[in-house]
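Quick mapping for you: the protein sequence lines, in order, are chains W and F. So the first sequence is numbered by this note's numbering: it starts at 1 and just counts up by one. So the second sequence is numbered by this note's numbering: it starts at 1 and just counts up by one.
Note that these hints are calculated values from the structure, not bench results. Just so it is clear, CB atoms sit at the ideal spot from N, CA and C, and this is done for glycine as well. Treat each hint with caution, since some may be false.
Simulated coverage check for chain W against chain F, where a stretch passes if three residues somewhere in it have a Cβ under 8 Å from a Cβ of chain F [what the hints assert, rightly or not]:
id, region
1, 28 to 36
2, 100 to 112
Derived, one-sided and incomplete: chain F residues facing chain W with beta-carbon distance under 10 Å [to be verified]:
id, residue
3, Q6
4, H7
5, P8
6, Y32
7, L40
8, T65
9, N67
10, T69
11, H72
12, H76
13, A91
Residue-level listing of the chains:
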Amino acid sequence: NAGVTQTPKFQVLKTGQSMTLQCAQDMNHEYMSWYRQDPGMGLRLIHYSVGAGITDQGEVPNGYNVSRSTTEDFPLRLLSAAPSQTSVYFCASTGGSTGELFFGEGSRLTVL
Amino acid sequence: GENVEQHPSTLSVQEGDSAVIKCTYSDSASNYFPWYKQELGKRPQLIIDIRSNVGEKKDQRIAVTLNKTAKHFSLHITETQPEDSAVYFCAASRSGTYKYIFGTGTRLKVLA
Numbered sequence: 001n002a003g004v005t006q007t008p009k010f011q012v013l014k015t016g017q018s019m020t021l022q023c024a025q026d027m028n029h030e031y032m033s034w035y036r037q038d039p040g041m042g043l044r045l046i047h048y049s050v051g052a053g054i055t056d057q058g059e060v061p062n063g064y065n066v067s068r069s070t071t072e073d074f075p076l077r078l079l080s081a082a083p084s085q086t087s088v089y090f091c092a093s094t095g096g097s098t099g100e101l102f103f104g105e106g107s108r109l110t111v112l
Numbered sequence: 001g002e003n004v005e006q007h008p009s010t011l012s013v014q015e016g017d018s019a020v021i022k023c024t025y026s027d028s029a030s031n032y033f034p035w036y037k038q039e040l041g042k043r044p045q046l047i048i049d050i051r052s053n054v055g056e057k058k059d060q061r062i063a064v065t066l067n068k069t070a071k072h073f074s075l076h077i078t079e080t081q082p083e084d085s086a087v088y089f090c091a092a093s094r095s096g097t098y099k100y101i102f103g104t105g106t107r108l109k110v111l112a
């Protein structure tokens, strides 16, 4: 099992550009989510999904879109990048009765 | 909305001493409280969790306590070692919702 795989690991964008952060899991987990991590702010929930075709907003959803067409994949789209979106992004999944979140390795995004 | 406050933001202890990190949650319906450890440059990983039907849980040098009335829960690390140095996050959620709200993190430094 690869677990939760995120790509890319590093990305630099210019203001106004768009991009997609990819997230895939091979554990057949129902639940997937995206967090951003900023210094002193902890892990803030952007969007989450409780199954294919179902998504919902978290604490800081503005500027981000998600979709869940399959159980395995949960991409995060930045439609028009802003410097405030400079952060480290983590994808996570869970599906067992334990509730443990399994995180990807993270994607460091810099918006100039 | 839901909120989790975590204190302190930084904590320095001498090797062998104990460390205590405290969290307070706002959603009285929360019933699952995990703790994650994040080493520098790594992904967060679950170290211990507790559910609302239990007041205390222990795993070797790590213990978590929960006070539902006060909506407080705490992480206790005894006999700290240099490898305990990391950032620790508490979180709260309602079982089955899979919506986890994290605290802002505590940077623990264990001084040799």
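Whether chain F covers the region 28 to 36 of chain W (at least 3 residues having a Cβ closer than 8 Å to its Cβ atoms): holds (count 4)
Hint check, T65 (chain F) versus chain W [nearest Cβ-Cβ separation less than 10 Å]: violated, 19 Å
Interface hint for A91 (chain F), Cβ within 10 Å of any Cβ on chain W: Result: holds, 8 Å to nearest chain W Cβ.
Minimum beta-carbon distance criterion (10 Å), H72 (chain F) to chain W: With Cβ-Cβ at 18 Å, over 10 Å, it is violated.
Status of the hint placing L40 (chain F) at chain W (closest C-beta pair under 10 Å): Violated: closest Cβ of chain W sits about 12 Å from L40 (chain F), beyond 10 Å.
Hinted contact Y32 (chain F) with chain W - closest CB pair below 10 Å: At 5 Å from the nearest chain W Cβ, Y32 (chain F) passes the 10 Å test, so the hint holds.
Coverage of the region 100 to 112 of chain W by chain F, judged on three or more residues with CB within 8 Å: Since three or more residues must qualify, the claim that chain F covers the region 100 to 112 of chain W holds, with 6 doing so at under 8 Å.
Proposed interface contact between N67 (chain F) and chain W, which counts if any beta carbon pair is under 10 Å: Violated - the Cβ of N67 (chain F) stays beyond 10 Å from chain W, reaching only about 20 Å at its closest.
Interface restraint verdict for H7 (chain F) against chain W (beta-carbon cut-off 10 Å): violated, 12 Å
Given hint P8 (chain F) near chain W, where the shortest CB pair must fall under 10 Å: violated, 12 Å
Hint validity - Q6 (chain F) Cβ closer than 10 Å to any chain W Cβ: holds, 7 Å
Status of the hint placing T69 (chain F) at chain W (closest C-beta pair under 10 Å): Violated, because the Cβ-Cβ distance from T69 (chain F) to chain W comes to roughly 23 Å (cut-off 10 Å).
Figure legend: structure checked against the earlier numbered hints; hints not met, in rising order: 4, 5, 7, 8, 9, 10, 11, 12.
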